[in-house]
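Hey, can you work out the whole structure from these sequences and the hints?
If you read the protein sequences in the order shown, they are chains A and B.
Heads up: the first sequence begins at 18 in the numbering used here, then just goes up one per residue.
Heads up: the second sequence begins at 18 in the numbering used here, then just goes up one per residue.
If you're looking for bench data, these hints aren't it; they were derived computationally from the structure.
Small disclaimer: the values here were computed from a predicted structure and weren't measured.
Repeated chains share a single entry, so a pair holds when one copy, or any two copies, can fit it.
As a list, the in silico BS3-like pairs of lysine-lysine whose alpha-carbon atoms are at most 25 Å apart:
| id | residue 1 | residue 2 |
| --- | --- | --- |
| 1 | Lys89 | Lys65 |
| 2 | Lys177 | Lys89 |
| 3 | Lys147 | Lys162 |
| 4 | Lys57 | Lys147 |
| 5 | Lys244 | Lys89 |
| 6 | Lys240 | Lys177 |
| 7 | Lys139 | Lys162 |
| 8 | Lys162 | Lys89 |
| 9 | Lys177 | Lys244 |
Read off the chains here:
Protein chains: 2
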Amino acid sequence: MSSKKKNDCEPNAISCAMCGAQSQNIICATSPGIPEALEKSKINCRYKRDQVIFYADNDPLGLFFVQRGLVKLERVSEDGAAHTLRIVGPGGILGYRSLFADEAYHATAIAVDEVELCFVPKADILNVFKSHPDVALRLLNHVAKDLRLAEERWVDQMDKGAPERIAEALIFLQDHFHSQTWTRREIAEWAGTTPETVMRTLAQFEKEGLIDQSGRQIQILNKDSLKAKASL
Amino acid sequence: MSSKKKNDCEPNAISCAMCGAQSQNIICATSPGIPEALEKSKINCRYKRDQVIFYADNDPLGLFFVQRGLVKLERVSEDGAAHTLRIVGPGGILGYRSLFADEAYHATAIAVDEVELCFVPKADILNVFKSHPDVALRLLNHVAKDLRLAEERWVDQMDKGAPERIAEALIFLQDHFHSQTWTRREIAEWAGTTPETVMRTLAQFEKEGLIDQSGRQIQILNKDSLKAKASL
DNA sequence: CGTGTTATTGAAGTGTATCAAATTGCGTGG
DNA sequence: CCACGCAATTTGATACACTTCAATAACACG
Numbered sequence: 018m019s020s021k022k023k024n025d026c027e028p029n030a031i032s033c034a035m036c037g038a039q040s041q042n043i044i045c046a047t048s049p050g051i052p053e054a055l056e057k058s059k060i061n062c063r064y065k066r067d068q069v070i071f072y073a074d075n076d077p078l079g080l081f082f083v084q085r086g087l088v089k090l091e092r093v094s095e096d097g098a099a100h101t102l103r104i105v106g107p108g109g110i111l112g113y114r115s116l117f118a119d120e121a122y123h124a125t126a127i128a129v130d131e132v133e134l135c136f137v138p139k140a141d142i143l144n145v146f147k148s149h150p151d152v153a154l155r156l157l158n159h160v161a162k163d164l165r166l167a168e169e170r171w172v173d174q175m176d177k178g179a180p181e182r183i184a185e186a187l188i189f190l191q192d193h194f195h196s197q198t199w200t201r202r203e204i205a206e207w208a209g210t211t212p213e214t215v216m217r218t219l220a221q222f223e224k225e226g227l228i229d230q231s232g233r234q235i236q237i238l239n240k241d242s243l244k245a246k247a248s249l
Numbered sequence: 018m019s020s021k022k023k024n025d026c027e028p029n030a031i032s033c034a035m036c037g038a039q040s041q042n043i044i045c046a047t048s049p050g051i052p053e054a055l056e057k058s059k060i061n062c063r064y065k066r067d068q069v070i071f072y073a074d075n076d077p078l079g080l081f082f083v084q085r086g087l088v089k090l091e092r093v094s095e096d097g098a099a100h101t102l103r104i105v106g107p108g109g110i111l112g113y114r115s116l117f118a119d120e121a122y123h124a125t126a127i128a129v130d131e132v133e134l135c136f137v138p139k140a141d142i143l144n145v146f147k148s149h150p151d152v153a154l155r156l157l158n159h160v161a162k163d164l165r166l167a168e169e170r171w172v173d174q175m176d177k178g179a180p181e182r183i184a185e186a187l188i189f190l191q192d193h194f195h196s197q198t199w200t201r202r203e204i205a206e207w208a209g210t211t212p213e214t215v216m217r218t219l220a221q222f223e224k225e226g227l228i229d230q231s232g233r234q235i236q237i238l239n240k241d242s243l244k245a246k247a248s249l
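See below:
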């Protein structure tokens with residue numbers, strides 16, 4: 018029955034008890050009782066590639082828990098250039114920055130592939146905070162790590178050249194989202210450069226025996242040398 | 018008695034009750050009773066320009082509350098280039114990202130001018146969390162905003178040219194730390210460019226009547242036009 | 001009053017974006 | 001299942017904003 022409609026939010030499509038371990042996020046996994054508390058208010062949703070989960074400048078309504086697939090948070094500048102801020106996979110959460118900063122979304126969330134997630138309204142999340150104070154500390158820990166990544170990325174953008182950032186991007190994308198193929202454009206939007214530069218750099222890496230490009234598939238042959246190239 | 022030693026940490030140099038409103042940070046200002054709880058464990062410290070409060074890669078020992086002066090958080094790359102991540106003034110806190118991420122400092126904290134602050138050990142901070150659960154939410158709010166600023170800065174580094182970033186830097190530094198003069202190098206390290214480029218750009222801004230440079234002092238003449246130049 | 005730091009200006013080099021065009025590859029619908 | 005069409009890839013040529021290096025001048029500090 019749930020497969021009749023597509024890209025629609027349906028209540029209780031997956032019970033919290035059945036939610037795979039892969040989707041155990043820092044809120045649900047914190048302490049027993051929380052999944053049950055959210056069970057009645059959560060709503061399951063599905064999205065296909067390139068569909069938008071939420072748009073920048075809108076106000077957050079709650080949190081999205083990713084159960085399956087990948088979601089990218091991207092920002093598009095006035096002249097149309099897109100940049101990928103974060104990528105969230107199963108077990109990850111979407112919308113927490115804006116919710117807790119009490120600000121509008123500053124990025125747009127887009128499905129990278131077939132995505133399944135569940136939404137919990139703001140009010141219910143805040144209730145969890147009241148009953149489980151340790152959840153706030155876990156989220157604090159998470160956002161603090163995000164902040165380091167963001168600030169490190171800014172300095173990398175200046176100190177390192179495009180080849181180093183692209184090498185870093187390849188390693189990051191493989192480490193975190195192994196079973197995923199990325200377009201040159203997506204790699205560029207993550208590494209902070211252009212598809213053309215990614216292209217030429219990958220060709221160079223292949224010539225040096227660091228990677229192997231079979232069509233759109235990229236295999237890392239020598240991870241250590243690639244790390245060295247990225248100054249990691 | 019407290020003025021005999023310099024750059025030394027002395028217990029209870031300023032009581033929390035006497036701490037100026039300017040220094041009311043998001044922890045102490047949250048609810049009554051917290052300052053008293055920290056009173057016995059806090060340690061006051063003083064630093065002069067360019068002195069280091071803590072070094073990158075060291076483990077955090079607690080939190081620093083800025084009472085007077087400015088502190089910059091900077092990261093130095095392998096080739097010696099310094100970049101300013103954040104600037105913290107009176108009422109601000111230092112070291113919270115690393116403490117809550119449970120990571121080493123990823124930046125070095127340096128006094129921009131004469132700085133006065135008080136230090137509270139990690140254990141005492143965690144005690145406050147237990148007795149005042151709402152403090153975690155306030156910190157979460159603060160770090161979430163930091164995260165937006167950091168991510169916005171990364172995209173600005175790519176989308177905007179040096180003149181735009183420098184205009185943005187001038188506005189930011191004036192808005193937040195009005196009574197402070199900055200060297201070209203400091204502006205460059207904040208804007209993500211070089212002192213030479215800052216130099217030439219400021220000369221251009223002056224020619225356009227946007228600012229007025231009397232030696233090291235920079236006056237903003239036309240803030241609206243400067244904002245337009247920064248695409249803000 | 002010296003001395004080291006900062007400011008200022010000039011010239012040169014370069015990495016990377018930009019633009020353009022051909023080719024490949026993939027998804028979609030017939 | 002094949003063919004079509006559009007998007008992604010690939011390659012080349014060009015432009016240029018910015019960094020880098022260098023050398024002088026102005027300034028602040030002890």
